[in-house]
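For the protein sequence lines, the chains are A and B, in the order given. Residues in the first sequence are numbered from 1 upward in steps of one, following my numbering. Residues in the second sequence are numbered from 1 upward in steps of one, following my numbering.
Read the hints as simulated data drawn from the structure, not as lab findings. Do not take every clue at face value.
Derived lysine-lysine pairs resembling DSSO-like cross-links, with alpha carbons at most 27 Å apart [to be verified]:
1) A/LYS32 <-> A/LYS55
2) A/LYS123 <-> B/LYS92
3) A/LYS56 <-> B/LYS95
Footprint (simulated), chain A over chain B, 3 or more residues, beta carbon under 8 Å [what the hints assert, rightly or not]:
4) 23-30
5) 73-83
Just so it is clear, the structure is predicted and the values come from calculations on it, not from any experiment. Backbone N, C-alpha and C define an ideal beta-carbon position, used for all residues, glycine too.
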Amino acid sequence: MRTGLHAVLAAVVLGIGGSALAQGSTMDEITKYREMLADGNPAELLEMKGEELWKKPRGPKNVSLEQCDMGLGPGKLDGAYAQLPRYFADTKKVMDAESRLVHCMVTQQGFSEAEATRNWFSKPGRNSDIESLITYIGGKSNGAKIDVPARHPEEARMAKVGEYIFYRRSGPQDFSCAICHGQEGKRIRLQDLGNLTTRAGAGTAMGNWPSYRVSQGTVWTMQRRLIDCMRQARWPEPNYLADSIIALEVFLQKTASGTVMQTPGIKR
Amino acid sequence: MADPMKIRASAKEGITEVKVLMSHEMETGQRKDSSGNLVPAHFITEVSAEHNGKQVLAAQFGTAISKNPYLAFKFKGGAKGDKLAVSWVDSKGDKRTDEVLIG
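Next up, chain A with everything else stripped away, as it sits in the complex (with noise of 0.2 Å):
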């Protein structure tokens, strides 16, 4: 009885010195796949795409989005991703680079916002124009850093609702993002779990999109990555360009401030 109980401890010390062996293996082994996925990133397929797409004359105006302000002023767009969301003074409310893209296709195109956001992701056979440009904007941000301060009080207030959102437990699961993002050292199935409350864990998230992603085969942007999150919580899944999204990103920008970006990202 005795030795037969030892038998089993002994079994479970070994059986969990093995799964931690295999688990930084495995890690290592996900590491190189992304390096090789890396070199060939096809999120570079819509960056190029996102450039024509926002020097074309387009829409009912047919005007191009080359007078666009997203934030540094009309048409200046190295850098700006990285500062967004922002207060803008022009429409009084704090817009991150989704929503103030399709204001930009609406009063300067003269798109319908129905029609500017019809397409806002993709689907096989179905392209997205959103998707497209919102890639070319994130990578005129690559190697910036973020710098989200939020001092406006418009800013920091969304930054407070955003707080309030990622650790407000709701949903039939009682469900908050701090819950898979609030601790290190956290996985699902094989993921990282980043650690979202820290500098460098905001800062691995926000920077990496829009990020292209195999495994649908497009980039996602960041409207799309939390929009799923929500869903994954099983929580309702708010509209797109919803203020609650808007406030989520000003959260988690200022606590990734001083972050560089490496964007477009790619990921399984």
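Dock chain B against the given chain A, drawing on the hints supplied.
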């Protein structure tokens, strides 16, 4: 018409390294859409690369290759300023050729 490829080609010590990203759905014909119908196969069948008009690579592609394929290869020869063209043909007969100067 199909979207352009992204081609990078650089010559170093008599060897040219080429990296090509192709924009293509690469449907296998096995996938079902949301209403359960098979999505018809549509994939690149042939890829060819020409250096100053002379073929340096011919490849047959199939359904095991991912969406938006990435192809990297090296060939002997090639110098800065030479022309490098890559073409593909797909299962519906669509074609695309893009050309770059070797850097």
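Hint check:
1. A/LYS32 <-> A/LYS55: Answer violated: A/LYS32 to A/LYS55 is near 37 Å, above 27 Å.
2. A/LYS123 <-> B/LYS92: Status holds; Cα separation ~20 Å.
3. A/LYS56 <-> B/LYS95: Holds - the C-alpha atoms of B/LYS95 and A/LYS56 are around 24 Å apart, at most 27 Å.
4. 23-30: holds (count 3)
5. 73-83: It is violated: at least three residues are needed, and the region 73-83 of chain B offers just 0 whose Cβ sits closer than 8 Å to chain A.
Hint compliance for this structure: hints 1 and 5 are not met, and every other hint is.
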